[in-house]
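Given the coordinates of chain W, work out where chain U should sit on it, guided by the hints.
Number of protein chains: 2
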Amino acid sequence: MQQGNLFTGIPAVFPQEIFETLLEQPGVRLERILSRGQVTPPGQWYDQDGDEWVLLLQGQARLAFADGSQLTMEPGDWVYIERHRRHRVEYTSAEPAAVWLGLHLRIRNPAATPG
Amino acid sequence: MQQGNLFTGIPAVFPQEIFETLLEQPGVRLERILSRGQVTPPGQWYDQDGDEWVLLLQGQARLAFADGSQLTMEPGDWVYIERHRRHRVEYTSAEPAAVWLGLHLRIRNPAATPG
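These protein sequence lines map, in sequence, to chains W and U. According to our numbering, the first sequence is numbered sequentially starting from -6. According to our numbering, the second sequence is numbered sequentially starting from -6.
So here's chain W without its partners, still in its complex pose (with noise of 0.2 Å):
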């Protein structure tokens, strides 16, 4: 039986943000992401393939989304980005780190989507 707990093996200081996929089956993938202050480089964007159903366990942050819209994430925030909505991470807490947990959608017929 798998088990962990999301708010321990936190690293005091890490230079970048942290990816740990939790579990992974067709067409999802659950994993925790740990920023401290790491913000998506300016002039980036995500676009993804799949919708993400995205919550903030811990810390603070801002997402920034390419229609000019914000939205600041407190513990228990969760928000569902649909697929190619185009968005960044303009801010993240350091202390406390920032705890996400990402639920990855991804397409289940890649060969009905375009390139």
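Bear in mind the hints are in silico, worked out from the structure with no lab data behind them. Take the hints with a grain of salt, since some may be wrong.
Pairwise CB distance ranges, derived in the manner of DEER restraints [to be verified]:
no., chain 1, residue 1, chain 2, residue 2, range
1, U, Q37, W, Q(-4), 18 to 24 Å
2, W, G61, U, E83, 48 to 54 Å
3, U, M(-6), W, D42, 26 to 32 Å
4, U, S86, W, Q53, 22 to 28 Å
5, W, G30, U, E88, 33 to 39 Å
6, W, Q63, U, S62, 23 to 29 Å
7, U, V32, W, Q53, 52 to 58 Å
8, W, Q18, U, S86, 28 to 34 Å
9, U, E75, W, G61, 41 to 47 Å
10, W, F7, U, L64, 27 to 33 Å
11, W, E88, U, P89, 36 to 42 Å
12, U, S86, W, Q(-4), 26 to 32 Å
13, U, E88, W, H77, 24 to 30 Å
14, W, D42, U, T14, 20 to 26 Å
Using N, Cα and C, we set each Cβ at its ideal position, and we do this for glycine too.
Relative to chain W, chain U alone:
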């Protein structure tokens, strides 16, 4: 864009566990579960057709498994429960309420499974 917070909208009193579907897609269902002291009725077991990844976000809880093992859970603790692994909820805290996130991964090809 759908969004919400998992720590809000928790009634002060409720007679039975509250199950709320956060998202549902083929093969995947994500739900928030709220408990205030409720447990699985004596002699009953959960025996699920699909695997479940379950996370305790707030409160305390204890699971029991049909093999005799028990698992005490604190916030951030998660466990992956394989399908047909019989389990029960033996304890949940009333204050604060136990807040769970359950990710149900259903069988993709039900025709291939008995009964």
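Checked hints:
Checked against the hint of 18 to 24 Å, the C-beta distance between U/Q37 and W/Q(-4) comes to roughly 23 Å, which is consistent with it. W/G61 and U/E83 have their C-beta atoms about 49 Å apart, which keeps the hinted 48 to 54 Å range intact. Distance hint check: the CB atoms of U/M(-6) and W/D42 are about 18 Å apart, inconsistent with the given range 26 to 32 Å. The beta-carbon spacing between U/S86 and W/Q53, approximately 26 Å, falls within the hinted interval of 22 to 28 Å.
Remark: the range hint 33 to 39 Å for W/G30 to U/E88 is upheld by a beta-carbon distance near 35 Å. Look at W/Q63 against U/S62: about 46 Å separates their beta carbons, and that is not inside 23 to 29 Å. U/V32 and W/Q53 have their C-beta atoms about 35 Å apart, which leaves the hinted 52 to 58 Å range violated. The given range of 28 to 34 Å is respected by W/Q18 and U/S86, whose C-beta atoms sit roughly 31 Å from each other.
The supplied range of 41 to 47 Å is met by U/E75 and W/G61, whose beta-carbon atoms lie about 45 Å from each other. The hint said 27 to 33 Å for the Cβ distance between W/F7 and U/L64, and at roughly 29 Å that hint holds. For the pair W/E88 and U/P89, the beta carbons lie near 24 Å from each other, so the given range of 36 to 42 Å is not met. Separated by about 19 Å at the C-beta atoms, U/S86 and W/Q(-4) break the suggested range of 26 to 32 Å.
Between U/E88 and W/H77 the Cβ separation comes to about 43 Å, which falls outside the hinted range of 24 to 30 Å. Take W/D42 and U/T14: their Cβ atoms lie about 24 Å apart, and the range 20 to 26 Å holds.
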